[in-house]
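**Q** Chain by chain, the residues run as shown.
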Amino acid sequence: MKSAEDARRFAFVQNAAGRFVPTEVNGRTETPYQGVHAHRPTGRKAAPPIPNLADYPARDSKLFPDLHTALEHCGLRDGMALSTHHHFRDGDLLGNQLLDTCAEMGVRDLRWFPSASFPCHAPVIRHLESGVVHHIEGSLNGPLGDFCSRGRMRGLGVLRSHGGRAQAIQDGEIHIDIAVIAAPTADPFGNANGVHGPTACGNLGYALPDAMYADKVIVVTDNLVPFPALPIQIPGHYADCVVVQEQIGDPAKILSGTTELTRSPDRLYIARLVAEFIRDTGIMKDGFSFQGGAGGISLAFTIFLGEMMKQAGVTASWIHGGTNKYLVRMLEEGLCRALVDGQAFDLDAVGSISRNRNHVSTSPLISYNYHAKGNFLGNLDVAVLGATEVDLDWNANVVTHSDGRLLHGIGGWQNCMLAGCTVLAVPSFRDRTPVIVDRVTSLCAPGELVDVVVTERGIAINPRREDLRKAVRASRLPVRELADIKSDVERLCGRPAPHPVLDNVVAVVKWVDGTVLDSVRQIPG
Amino acid sequence: MSRHAEAGRKGREARSDCHVTIEPTESGGINLEVTSRVDYLYADAIRSLVLDALDRLEVTDARVTVEDQGAVPFVMLARVETAVRRAWPGRPFPECLPETDPAGTVPTARDRWRRSRLYLPGNEPKYLLNAHIHGADAVILDLEDAVPPAERDAALLLVRNALHALSFGDCERMVRVNRLPQGLDDIPPLVRAHVQVLLLPKCEDPEQVRAAAALVETTRAEAGVKAQVYLMPILESPRGMLQALEIAEASPLTAALTWGLEDYLREIGGRRTPDGEETLWARSQVVNAARAAGVQPIDTVYADIENLDGLREHTRRARDFGFEGKGCIHPRQVPVVNEVFIPQPAEVAEACAIIEAFEAARREGRSVVAIGRRMIDAPVVNRAGRIVELARRAGLLPDEGGTR
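Sequences listed follow chains W and F, in order.
For the first sequence, the numbering used here gives the first residue as 1, with consecutive numbering after it.
For the second sequence, the numbering used here gives the first residue as 1, with consecutive numbering after it.
Isolated chain F (complex conformation):
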């Protein structure tokens, strides 16, 4: 079973993307036609990349065209693979991966700071290339709402390739998969590509989290992926909200719990008001469930990208409510969110005192750390360490001579 197939986008406005068509043939080998706006620099490179990819995908006979608007190799590989998979639906194919970024990934931790996480549409190459420069604590490559349903297969391959080819700098590497159970298909290739956090949208049942966690762990074992992969369920419905605690504590892989305002509000039949009373219970529910389960409560996004003052106000309220971070849908929102979640001077002073007490105890060989009569345990010390680090990054404390 084979058929004519296409992938990617056409036209000059499809910047950094390319369009690939495949017409399977009975015989005659590969007939490749390439047009590219960068052919004067990469004509030969493009031809050999496409021919090599077809070879790796074991395609022997086809007419193939590539119309390129400056797609970098990992993007072009994803588009070729997408077109091939669409041309032979149901046939198993090996993954056709790009070269891995030698910079590697910055290790993450379950309780890493997640003040700002920047959503990027998973099928837009031009947004992926420089996603890491905007100072967000995490990037979320989105396979769900930001991608038209017919393009989700393409987005998965593009995001998978981006995770291989790009280190994303200091940003934690998150992907929002499709709603489960469809989203289960997304998980293995992403785990092999060293995703660090998987966001599970429209979570309504702790079983969903357990299924995702089990798949993560078996994939890690099979592929020999050493680094831990964490989960962040998103509550977006009344049913999910009512199960918040069970969902939050369903798996030890869960690092954070968040919620989605738009879908939730629609489902309860509510309307947005200036003081946000309609979501008071939901926000309380998320914060309390997360805290009870020992995971980070993270707030939803703020939709009006023009209104930075509104965002600042909204973020302050979220911080005071107990949330530790907020989603961003545009790079300009990132500095505002980061700034609000910078620790307050009193917090910084307290954290410094805790670290000092800890250091003193260590020097003196004591196993018990205390400030006055207050006992300090390890999680508190860790948290204080992170506050101190954040304060340094924000310039509130002098550097220790170390680098970022």
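Isolated chain W (complex conformation):
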């Protein structure tokens, strides 16, 4: 339990977005958010220690009998930072196996640095309570989100986008002592890929920065093959140890659910409006590019847009995204030239990665990293995203529910804000909870980057985007002002009262450049 003293210890400053944020997080000095492109750090990137071939002389010398011995070999001790990845999503078994092993080994105060956590990681609460794990830096949702939201985690949660996580590793903002990479297929040298094996998930891009920058790297697989494991997605020259476990993921949960087309008529309607918006603004033209999504509205909009592209005879240059059978079909039908894959969501996508040379895997380190010589978003014409809240200054929230409870990770959401046109596709209210509010509970995207909000009650275009407003003036789209949609909803639902949160900060939201954008406060209960 965090004491009142802990809470008072933070010094707060008001950042460029007007939010009060701590200047120190988990012992690190932090920079408050300065503005979208204002923060320009100097210096050099982080670097792992120089390894020596003499320490890895023989064939098979990296193979260890189990996680325990591998962790021992890597020098596991109290207070270390350990990372894992969410390629298996809610089917991940390795995260729990790792922390259980650490508990057996008697270490304490670890920092767990997952690329994302899922409800399957609820058992980690036990290790947080017993002191094995000090705190988690990574997305917090489900039971872990509740645990953190109620102020029960020592240390602060740190919520970063996928690109922000890669940036933080690269810049040395977070130092990973041991990266543990779940590999659907690996060889004894440590070459790893996600294309083959019983837990095939397509792409291992989230683990790339960890492999490059961690002091030690353990590759864990349930499908060991002779050298070389092809294709090489994570090169084995980063690996210290290779461990074979009986099972590292639950295949039934790795690729399930997310490619189901929504049956909600309201969501389908919003998805169709989004596609019509992209068509009628002229964004949909030969050679354009977009971010495809999985699940809900973002999946449905892709399908509608694909139909409209076919009708108009338009092809895209590339599509970025969580990939699925619908995007694979578009690639195969010639509706796009390339599929750039951050994450595969079904077996069609996994198969396509291995057989289609125009379907390529990428890592957030390359596609989303803000501290880089450009990233893929500079080439992306439009991204369609969800949100829990958006306010009249166009600020948006994706991490907390309106009651302040941590609900989602940021994922690629913040990164996609830098696309040519950013569309939030959201219902205007969910079970009487308005989505358009006076002030977002948690600030995750500054309003100047949110271009369009599409709801079932109309499309609102940010006044900063006069070009888009003009582009749809002659169309039949139901374009309205954001404030009008908001008052419609308040007339129906009633005006919500300000709700209670406590002063105690439980987590911070980082911007894509590593600065602190907002604080997440404790909720009662």
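It cannot be assumed that every hint is accurate.
Listing some non-contacts, in silico: residues in chain W with all C-beta distances to chain F over 10 Å [unchecked claim]:
#1 F64
#2 G75
#3 E104
#4 I125
#5 G131
#6 Q170
#7 H196
#8 G287
#9 G313
#10 A338
#11 H371
#12 K470
#13 G494
Label-pair ranges, simulated between beta-carbon atoms [as the list claims (entries may be wrong)]:
#14 F/D275 / W/R464: 56 to 62 Å
#15 W/N356 / F/E359: 58 to 64 Å
#16 W/P119 / F/E95: 44 to 50 Å
#17 F/D309 / W/R329: 18 to 24 Å
#18 F/E13 / W/R495: 23 to 29 Å
#19 F/N307 / W/E332: 44 to 50 Å
#20 F/E359 / W/K470: 31 to 37 Å
#21 F/D61 / W/R464: 56 to 62 Å
#22 F/E313 / W/K470: 31 to 37 Å
#23 W/S487 / F/G29: 33 to 39 Å
#24 F/T218 / W/V314: 56 to 62 Å
#25 W/N379 / F/E306: 35 to 41 Å
#26 W/A483 / F/E13: 30 to 36 Å
If you are wondering where the hints come from, they were derived from the structure by calculation, not from laboratory data.
Ideal Cβ placement from N, Cα and C applies to all residues, glycine included.
Here the structure of chain W is known, so what remains is to put chain F in place on it, guided by the hints.
**A** Structure of chain F alone, referenced to chain W:
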């Protein structure tokens, strides 16, 4: 006489609904307990809404619980009123109405386009809230087959409140009442709530239509409702079919005539076949009776919501048969039906010519409109105007700079 009563649904899957219980007591005032998934936003609002409703319903002593899954005010009011009426059966209560939508209702007309009409179960709050967004020409809030008999009192209050609180955008506001004579009880509160079309199910006798029409007119007069309310009888039995013409022309309020395939087929002992021969006579009967009476013939629904190609084919046949519209039981059916009933290019061209001739006659001060030797009368001009408007909406003709 009072008793313990409940209304609404429980549990997390009862989204946008709430559950209310009332335990009448002898004394002690109102004892209210509320749990809500949106209490962090609306705890005080919910309490004062319920207390105010009980006050308006003149309930002074009761234990009341509300278990809320995000019901908006008009839904919660309907559930409270339902529970109160059930707790004191037979006692007269005032209507406990929500605030009226300031957007008001879009006026309708006897011969308005009714290509698609979307059925919505009248006791499901979550379907009512966004019913208007799917592009249907009309929404039908259903009090009959889509509502379990024990919940029809609840559905009536919910639908009545929805008609007060929601404008339903461009959609014509229809309600399918219960089978007459029970359905007569539904009519006055709906007329006061500005319903625009009443669907009369299982119509078998022109007297039923006349009784409904008379009740509509007296309620309008008493309540000072200016806007006209139209009727659409539904023929669902052999007896009704045989009386089709008499039913269609029973009242000047009747705007359209439709039929229900499932019930009709069951009653004649027929079976559905691919070419639909078993309903050939019924369909002919509906179209001919409607045309003879000067009302719109509207086709029944298509039950397989997964099969949009089947729906398209079925709708095309209905259009070619003379029907002007079709019922939809799922929002995904609406665009298909609308598209089929979009006027054909030849029709659009003819309508444009008629409008042009009419405009020319008006400019020249002539009272007679003609194209060549064909005389054009007012209903034909009106119809041409609507075809032109539909064609504009569908993008077949450029906008006149006006809005939808």
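**Q** Each of the hints needs a verdict: does it hold here or not?
**A** Checked hints:
{"no.": "1", "hint": "F64", "verdict": "46 Å, holds"}
{"no.": "2", "hint": "G75", "verdict": "47 Å, holds"}
{"no.": "3", "hint": "E104", "verdict": "38 Å, holds"}
{"no.": "4", "hint": "I125", "verdict": "23 Å, holds"}
{"no.": "5", "hint": "G131", "verdict": "32 Å, holds"}
{"no.": "6", "hint": "Q170", "verdict": "39 Å, holds"}
{"no.": "7", "hint": "H196", "verdict": "36 Å, holds"}
{"no.": "8", "hint": "G287", "verdict": "26 Å, holds"}
{"no.": "9", "hint": "G313", "verdict": "18 Å, holds"}
{"no.": "10", "hint": "A338", "verdict": "32 Å, holds"}
{"no.": "11", "hint": "H371", "verdict": "38 Å, holds"}
{"no.": "12", "hint": "K470", "verdict": "17 Å, holds"}
{"no.": "13", "hint": "G494", "verdict": "5 Å, violated"}
{"no.": "14", "hint": "F/D275 / W/R464: 56 to 62 Å", "verdict": "59 Å, holds"}
{"no.": "15", "hint": "W/N356 / F/E359: 58 to 64 Å", "verdict": "60 Å, holds"}
{"no.": "16", "hint": "W/P119 / F/E95: 44 to 50 Å", "verdict": "46 Å, holds"}
{"no.": "17", "hint": "F/D309 / W/R329: 18 to 24 Å", "verdict": "19 Å, holds"}
{"no.": "18", "hint": "F/E13 / W/R495: 23 to 29 Å", "verdict": "27 Å, holds"}
{"no.": "19", "hint": "F/N307 / W/E332: 44 to 50 Å", "verdict": "26 Å, violated"}
{"no.": "20", "hint": "F/E359 / W/K470: 31 to 37 Å", "verdict": "33 Å, holds"}
{"no.": "21", "hint": "F/D61 / W/R464: 56 to 62 Å", "verdict": "58 Å, holds"}
{"no.": "22", "hint": "F/E313 / W/K470: 31 to 37 Å", "verdict": "42 Å, violated"}
{"no.": "23", "hint": "W/S487 / F/G29: 33 to 39 Å", "verdict": "36 Å, holds"}
{"no.": "24", "hint": "F/T218 / W/V314: 56 to 62 Å", "verdict": "60 Å, holds"}
{"no.": "25", "hint": "W/N379 / F/E306: 35 to 41 Å", "verdict": "39 Å, holds"}
{"no.": "26", "hint": "W/A483 / F/E13: 30 to 36 Å", "verdict": "33 Å, holds"}
Going down the numbered hints, you'll see the structure goes against 13, 19 and 22, while the others check out.
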